[in-house]
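Undergrad: Spelled out, the chains give:
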Amino acid sequence: MLHPLRAIALTCLALLALGEGTDPAPQPVRVKDVSWCRLVDGRPAMLVRFVVQNEWHMYWTNPGDSGAPPTAKAALPEGWRLGGPIWPRPRVQRTDGETLFVHEGEWGWLLPLEGPQPRAVPDTPIELALSWMVCKTSCTVGKASVRVPPPTGTLAAPPESVGGSPFPIALGPDDSCAVSRDRLRVRCRARGRMSASFIQASDPGVSTEAEGAPVSVPVRDGVANLDLGLSVRPQDAQGKELGVSGLLLLGDRPNDPCVWIRRNIPESGPATPQQP
Amino acid sequence: MQNNRFLSLLAASAVALGAVSLAMADMEKGEKKEQKAGAVEIGSAAPEFKLPTADGKTVSLADFKGKTVVIEWFSPYCPYSGQSGDDSYWSTGRAKQVIDAVKAADASAVYLCINSTHDGYSGKDTATNMKDSTSAVASSPVPVLMDASGSVGHAYGAKTTPHIFIVDGAGNIAYIGAPVSKDGKDLYAANAVKAIKEGKKPEPARTKNSGCGVKYAKKA
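So the sequences go chain by chain: A and B.
Under our numbering, the residues of the first sequence are numbered 1 to 276, in order.
Under our numbering, the residues of the second sequence are numbered 277 to 496, in order.
Just so you know, these hints were derived from the structure itself, not from any lab.
It cannot be assumed that every hint is accurate.
Restricting the straight-line Cα-Cα distance to at most 20 Å, the calculated cross-link-like pairs of lysine to aspartate or glutamate (EDC-like) are [said to hold, decoys possible]: (1) A/LYS136 <-> B/ASP395; (2) A/LYS143 <-> B/GLU479; (3) B/LYS484 <-> A/ASP123; (4) B/LYS484 <-> A/GLU211; (5) B/LYS484 <-> A/GLU209; (6) B/LYS458 <-> A/GLU211; (7) A/LYS240 <-> B/ASP331; (8) B/LYS461 <-> A/GLU241; (9) A/LYS143 <-> B/ASP362; (10) B/LYS343 <-> B/GLU474; (11) A/LYS240 <-> B/GLU474; (12) B/LYS477 <-> B/ASP462; (13) A/LYS73 <-> B/ASP362; (14) A/LYS143 <-> A/GLU104; (15) B/LYS458 <-> A/GLU241; (16) B/LYS407 <-> B/ASP331; (17) B/LYS379 <-> B/ASP339; (18) B/LYS343 <-> B/ASP362; (19) A/LYS73 <-> A/ASP123; (20) A/LYS240 <-> B/GLU479; (21) A/LYS73 <-> B/ASP459.
All chains, full assembly: derive it from the sequences and hints.
TA: Right under this line is the structure:
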């Protein structure tokens with residue numbers, strides 16, 4: 001005869017075992033919701049909130065050594081198109097052989113819309129098709145279709161961060177950025193952080209050492225000074241405008257601020273200072 | 277009493293399942309630690325290799341001296357490579373499209389797959405890995421070369437599946453990157469073979485590859 005407590009424990013274990021056999025495996029990624037906001041430049045944007053299961057990760061626009069970023073397609077009214085996504089600060093995941101730029105836990109992805117007139121908003125629902133790669137030790141892919149109702153009322157600014165991962169801020173009036181055919185130079189207030197690094201986004205035809213791993217950026221007197229060599233191969237640009245882009249990561253913590261840098265590369269000539 | 281036995285059996289199964297899951301989790305954590313890849317560059321000499329195919333032959337790069345060779349890093353367990361699904365290079369027909377275009381550009385060009393997945397990945401033994409590799413490309417004549425030690429993958433610096441390296445007739449690396457553009461419109465690998473055939477340098481010679489990380493064996 002079993003002791004009652006032992007019987008209860010065994011029953012619980014048995015139910016767990018039965019449960020494992022009957023429930024479908026939980027998906028490592030779910031789309032929590034999609035909401036509207038308005039960016040500083042006036043464009044409306046859809047904020048997609050992903051929730052990634054513990055130990056799994058999705059990828060930044062440049063995934064690093066392996067992986068693939070999520071994609072979005074939208075059925076939009078005439079005259080509208082999706083702008084380039086705005087990516088939050090990724091985490092840098094290093095293993096013995098790989099450096100990856102990843103998003104974990106809950107994170108937000110901003111999808112700007114560009115319409116026929118500035119500040120216009122769509123007035124019909126949008127069918128948004130999302131797909132993604134998600135990996136742990138192995139990888140799988142997922143998809144979601146979301147019907148996003150048109151926005152109503154005044155659109156608020158996007159949150160500064162989702163799930164602790166901040167969206168990038170722009171260079172300030174005291175900051176500077178200059179680009180030439182072979183160098184990118186940025187001076188940016190470190191906003192109280194003692195360290196900084198730079199990671200390059202995906203720029204066809206332009207390689208830097210920040211493409212596969214963060215490059216350390218010296219911080220002196222409260223200012224981060226990025227001086228990055230560029231290797232430019234116009235023949236590899238795949239018809240796109242030659243440019244260099246990436247995130248200046250201020251501080252080491254995942255919730256520290258980051259600054260988005262994007263500059264077109266001049267056809268020739270010396271470095272030209274550009275306004276932030 | 278029979279119910280008690282049933283419950284005890286289920287409980288024992290649950291405990292065993294738990295133990296196996298923990299063991300698998302530990303193994304997977306170990307698998308995530310991969311070796312630092314070496315790398316070839318555009319214009320550098322392609323590393324020689326001699327590897328067994330999934331159907332029992334042996335293939336070396338030297339067998340194709342003077343020919344353009346397209347080498348695709350491949351995994352039957354990656355949803356971007358040989359696993360079935362909407363994103364799979366092989367099951368969506370994109371691989372066939374590229375291979376056909378490669379052959380149209382240069383009938384003498386050779387297309388090979390190399391699988392550098394280590395034996396034991398996700399519990400797959402050597403035989404299963406080979407069988408799965410063969411069945412994933414069954415509809416094509418492309419041989420799959422098995423590189424379970426990862427030595428060839430590391431020599432080339434293969435990082436993802438798929439990841440393409442094209443070797444020209446002189447034995448030098450002429451293209452590194454993705455097989456096709458993200459929208460599938462540009463067949464980079466086939467365009468590169470066409471350029472080589474015409475005596476030109478491929479443009480682009482380098483594109484951003486994406487996909488699953490190659491599941492290399494840990495260094496001893």
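Undergrad: Output the indices of the hints that this structure fails to meet, ascending.
TA: As far as the earlier hints go, 2, 3, 7, 11 and 18 are violated by this structure, in ascending order.
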